[in-house]
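S.K.: As a plain string of letters, each chain reads:
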Amino acid sequence: MAHQAALKPGATFWLGVLVLWALIWIGNDALSGLSTASPVAARLRNLAVPAIFGVTLLLLWQLVVKGFGIPLVLLPAPSDIWAKLITSLPTLKADFIQTFLRAVLPGWIIGSLAGFLVAILCDAWGFLKRGLLPLGNLFAALPIVGVAPIMVMWFGFDWQSKVAVVVIMTFFPMLVNAVTGLQAAGALERDLMRSYGASYLDTLLKLRLPAAMPFIFNALKINSTLALIGAIVAEFFGTPIVGMGFRISTEVGRLGLDMVWAEIAVAAIAGSAFYGVIALVERAVTFWHPSYRARKGS
Amino acid sequence: MTLAATRSRPSLAGAFAHGSTLPVTIIVLIVIVVWYLAAIPMNRVLSEPLIAAAGGGLGNTLSISWSLPRPVLPAPHQVLIELWNTVFIVAPWRPKSLLYHCWVTLSSTLLGFILGTLLGVGLAIAIVHVKALSRSLMPWIIASQTIPILAIAPMVIVVLGSIGLTGLLPKSLISMYLCFFPVTIGMVKGLASPDPMQLDLMRTYNASTAQVLWKLRWPAALPFLFASLKVAIAIALVGAIVGELPTGAQAGIGARLLNGSYYGQTQQIWAALVAAAVMSSGLVWLVGFIERRVALAMGGRP
Amino acid sequence: MAAASVIEARELSLTFETADGPVYALSKVNLTVQDGDFVSFIGPSGCGKTTLLRVIADLEQASEGHISVNGMKPDEARRKRAYGYVFQAPALYPWRTIERNVALPLEIMGFSAAERAERIARNLDLVNLKGFEKKFPWQLSGGMQQRVSIARALAVDPKLLLMDEPFGALDEIVRDKLNQQLLELWGRTKKTVVFVTHSIPEAVFLSTHIVVMSPRPGRIIDVIETKFPKDRTLDIRETPEFLKVAHRVREGLRQGHSYDD
Amino acid sequence: MAAASVIEARELSLTFETADGPVYALSKVNLTVQDGDFVSFIGPSGCGKTTLLRVIADLEQASEGHISVNGMKPDEARRKRAYGYVFQAPALYPWRTIERNVALPLEIMGFSAAERAERIARNLDLVNLKGFEKKFPWQLSGGMQQRVSIARALAVDPKLLLMDEPFGALDEIVRDKLNQQLLELWGRTKKTVVFVTHSIPEAVFLSTHIVVMSPRPGRIIDVIETKFPKDRTLDIRETPEFLKVAHRVREGLRQGHSYDD
Amino acid sequence: EAVTIQLKWVTQAQFAGYYVAQAQGFYKEAGLDVTIKPGGPDIAPPQVIMGGGADVVVDWMPSALASREKGVPLVNIAQPFKRSGMMLTCRKDTGITKPEDFKGKTLGVWFSGNEYPFLSWMSQLGLKTDGGADGVTVLKQGFNVDPLLQKQADCISTMTYNEYWQVIEAGVKPEDLIVFKYEDQGVATLEDGLYVLEDKLKDPAFVTTMAKFVKASMKGWDWAREHPDDAAKIVLDNDATGAQTEGHQKTMMQEINKLTEGSDGTLDTAAADRTVDTLMKGGSDPVISKKPEGAWSAAVTDEMKKM
Ligand SMILES: Nc1ncnc2c1ncn2[C@@H]1O[C@H](COP(=O)(O)OP(=O)(O)OP(=O)(O)O)[C@@H](O)[C@H]1O
Ligand SMILES: Nc1ncnc2c1ncn2[C@@H]1O[C@H](COP(=O)(O)OP(=O)(O)OP(=O)(O)O)[C@@H](O)[C@H]1O
Ligand SMILES: Cc1ncc(C[n+]2csc(CCO)c2C)c(N)n1
Ligand SMILES: [Mg+2]
Ligand SMILES: [Mg+2]
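Residue numbers (my numbering), protein chains in the order written: chain A, 1 to 298; chain B, 1001 to 1302; chain C, 2001 to 2261; chain D, 3001 to 3261; chain E, 4001 to 4307.
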């Protein structure tokens, strides 16, 4: 239902938007296909491609919102969000500290570590593998909607309860991936360790953990975004009056959608940076994995 | 270990003969004991005045701590009683039955999981093959996952509702949105994991991209796929539950949790939580079962 | 010879850039392989034999120089499925049974099911692996795996065969046998074969041309043409002519060898 | 000889259960290896050489019969680090550089850093891989990788060496060289060596005992004792005694061979 | 005629009038085909109506006015709730006896558009809400009363008809509690009213439909006042979650009836003006910056009275 009949863009407008989209798309495709000899140019290109893609998305978003006259309370245009963002920096900063630094990071570390340790325990001790793993799976889908209020009850309103929620959310992906990863070492490579009469610990540290790293990093990546979502959503269920989740739920109620999206933008930037750092570390640690040795051509 | 299990082909019947029953029982027993013990200090705020009123003593402490109407941590039997009452006493198609709500949630979970898996795999395939996509799409997929779904879910529901999409699909879409990501991450890695030599072999055959995908990348990615699917199906369940809230929370585990929480029915929350956990571990087990089957068919060592 | 040249390399060089400096794998290699030739590469470990084969197969790009395969760029030739390649390692797919590993290229090239079945049976028989069709690679011994990979390459019956130490893990008896069968196949189907081996007798017995290489940087130090008849038998290994060629190869090898003390 | 027996196998059998029926890999194998022996296994591809080595190394359990290593169960012997094993494939860890691959067993067995560095340098030098210390496995040729795995096994200097076709991917010159060095090492350090090879001359040249095997079911059909002096040189390969032994091996091989037509 | 109404909260006796009108066939009699959409913590009724998901919504006036300033032209067409049920419930043992004692205490507050009356109250009391020593510490209260039971907060927000009774049901004695009704503090704001989009009111047919709707709904409320226990049962029948208990809903129904008592649906403009005043006094961050124009209309109730 279009309640706002004020600005009804014609077909030419939409055709123009489509053509613009197509043009940028083709240009970007060509750009990313470009092979350059100089590594500097290549790096520049690698940055430019997603940036252009993103700018295109934002541009389209802006055009569609303004073109259709979509009301602010449904979807604000990027320009509105930007305006809100730069005028609310202190609030955003306080929210970021509360949610990201106090809840997401510790929760991500503890949860991933816990999943990893349980995986190791299960691996080291067959009894646990059969007894604990099925129970570990029970943690798989503890719904945040149910857990968050309980955690608030147990750990109070502040960030501690958010950390607990994040721990619960990130535990399982790591458990599953670590268990799978620990099985990933090849048979011959294991035989080699056996032939050395290597201890369990040696085999673990020198063979099975390195071989498990691609899986473990997958879990860390998945967890990085889960932790962010978890911490934000957990704040819907009780919080001191600061934090990204608090702000989002409150502003949704107030229909301050520009502020909601400003927070989302902060979350997206922080989350992407977080993910990016993990991906960089991954590349450094699992440089040997075939996915980083793919042939240049083809 | 004296409990060493003999290796056998995985089968439904075999799962019980596997020797995991005993370890699980033992660990469950340990958990229950710890749970009962933990309930005493955790409920202290609420129980202390009552215990004092009843005259103190160990007997009173235990009986009161384990039977509070709105405990911080209900005792296991309180949860079990609630489960019994809502699962076995009520007809499964009545809104009072937990089974009814499980089914509501399960249906959108499964649909969301299937959609999410398809989307996740599709994106991964696209990313692995099209350079422009891997550079431009991946950062935005990541960004998309940092959007707190609960914040935009209402808008999504509103928008979908205005184009006539209601019922199962909106919830499933939220579930899909949350669960495609682990699949994408896992498969981007998995599809890129064949040995360079194995890829070279395909090159010498001048195999088409589709052939390389289907005959090499896909089988090589399966360990990654299954690890991802286990995570994804669990997240799909969380997504389905979360998705029930902005659709008016009328039925399903999520509605149950929300209302239980809203009306302070602690046992009901815990029963719903247990139901969700059992459901998810069942689903994860199912994926694991299929994984073992597939591994065997693909010549995996037992 | 008026035959068309199948492989033509001119001043071919290849350098691998590694973290601790470049590795000069090939340096100014000139090579001509005519249609119907059986060319063996022989040289010390690490001298660039595999690399040269990979350049021909378009699995590696030369840093300098020119190369053509069937008169085309290697890239085009590969797309036209000009060759079959036996890798130095078996490179079997662990999730496929032996017969389905052999079936792999046939599936990709679109052979009918009946044709596939026939070729699989014939080639597995050729390498003496009848009865192992349903096994998975890890259930086979090293030599058996290598034979599967040979059967896989032969199954597509390519005009040009690139073989990287195909018989390295085989015992003398099987090796002699397969040598003869390869020779027979080559004579009958008029293939061109490029062959890497470490065995001087094998090289001399099989080849029309023996290319002796030396390492770091990998280069060709000698090309020896042998004049044995196409239908030679194992007996020629006792002839003075054979021993003379073998000696020349050995001398070339020794001379180009960096392993000196 | 009054030497203690290092390996003692009695009526050893091993059957692999596979989806399409059992594979009889070893059948009633009897074998005694004395301290200081150099024993070579030779036999057709797939006859069970690797399997026998793996049973000795406690990487595979016999289905029937008895085996002892240094008078202990293989399991105990393995825990006591009784042997060093060179696998048929290199089995290098891709995340470790060449030198750190060689360092691996040394780290596990608790050698000091200085000791490690010395042994790595010495053994990489022995296999002629100086200068490749910082490379990763995939940057090496097939033969180079195999040499790394030899260096890795030699670095721990085990009393008992199990070597599965260690020189299979090497050229004749390097092979001769390493043969001599191995012999010299064996003579000097009084090791016991169990060695798998497909090369009859190599077997005859190196061994004190040659065990000829035949396949399906894998069994020992001949054990030949050679009487060459410990400090033999490559020249003995021309002696009639050498040729006689080689002939007997070849006959045994041929006879046990299933590859008949 | 099809009408969709979006409720502000989950199915409970708070919305009994609509469910009764539906169940007793009052809507059908008026020729209406009504769909009732339950709400929840994640549903902002203004957003739903803006997105076309409903024709009429139940909302509280502060939130409706704030939305109006944000560009959702909501107009109040009827006001079934005459009185406010909002209050702050404190434990006596915290030593709080009067609003001035709040200083330094921890208070649980509902956000998402329900916080405005509270903020305006605090600013009248001169208490800062940023957690400093000279103000109060505010918690975003979740869905339930646990913070009070577990002593995580000194006071929590409650409704006379719901949360307060939950505290009682949890075993806290009324004499251990002290309550501050917003009405008594002079910061009451109008609660559940019916709102539609402004431009729709230009359509006389729509006004007629709404008149029928409001009339039938008010009939439902009247019925609910006469048969509170039956009305509570009707609500229970409509609860798809099966979570509500009969006892609680009956209590709620009785309390709700006290709030709707004497309303024929017409908005008392004086009460509306008071609401605006309260909101404008919201201190440094007032909820609405200027007096709203045309935020309520008697068109529908006038039309209704002609019927
Ligand atoms: N991907 C790579 N990166 C860096 N260096 C490489 C790479 N591949 C091969 N090399 C180097 O190139 C040289 C030649 O290697 P190549 O595999 O061609 O040897 P080869 O003649 O086949 O030896 P072999 O008989 O041992 O198989 C070696 O020194 C090797 O270290
Ligand atoms: N894990 C296994 N499962 C089933 N069969 C196996 C397994 N390992 C080996 N075999 C079978 O056992 C037999 C002996 O294998 P083995 O590896 O010992 O041979 P080999 O003598 O070392 O041969 P090669 O010279 O080719 O390396 C073969 O027929 C092989 O198929
Ligand atoms: C997130 C959240 N927002 C608002 C309220 C308060 N609320 C709005 S309508 C209504 C009906 C009365 O029971 C109540 C209590 C809450 N509880 N949780
Ligand atoms: Mg090579
Ligand atoms: Mg072997």
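For the record, the hints were derived by calculation from the structure and aren't laboratory data. Computed from a predicted structure; not experimentally measured. Some hints here could point you the wrong way.
As the list claims (entries may be wrong) - Label-pair ranges, simulated between beta-carbon atoms:
id, chain 1, residue 1, chain 2, residue 2, range
1, A, Ala42, D, Trp3138, 19 to 29 Å
2, B, Ser1208, A, Leu57, 45 to 55 Å
3, A, Gly156, E, Lys4092, 47 to 57 Å
4, E, Thr4097, A, Gly54, 27 to 37 Å
5, D, Gly3110, A, Leu188, 49 to 59 Å
6, A, Gln62, E, Lys4291, 28 to 38 Å
7, D, Lys3159, B, His1129, 32 to 42 Å
As the list claims (entries may be wrong) - Listed below are the simulated DSS-like cross-link pairs for lysine-lysine, each with C-alpha atoms no more than 27 Å apart in a straight line:
id, chain 1, residue 1, chain 2, residue 2
8, E, Lys4037, E, Lys4103
9, D, Lys3244, C, Lys2130
10, E, Lys4037, E, Lys4291
11, D, Lys3244, D, Lys3230
12, C, Lys2244, D, Lys3130
13, E, Lys4103, E, Lys4092
14, E, Lys4092, E, Lys4200
15, A, Lys93, E, Lys4306
16, C, Lys2028, D, Lys3244
17, B, Lys1096, E, Lys4103
18, C, Lys2028, D, Lys3227
To be verified - Sample of chain D residues facing chain A (criterion: CB under 8 Å; computed from the structure):
id, residue
19, Tyr3024
20, Lys3028
21, Leu3031
22, Tyr3085
23, Pro3094
24, Trp3095
25, Ala3103
26, Pro3105
27, Phe3111
28, Ile3221
29, Val3223
Here a beta-carbon is modelled for each residue, glycine too, at the ideal position from N, C-alpha and C.
S.K.: So which of those numbered hints doesn't the model satisfy?
M.R.: 2, 3, 4, 5, 7, 8, 9, 10, 12, 14, 15, 16, 17, 18, 19, 20, 21, 25, 27, 28, 29
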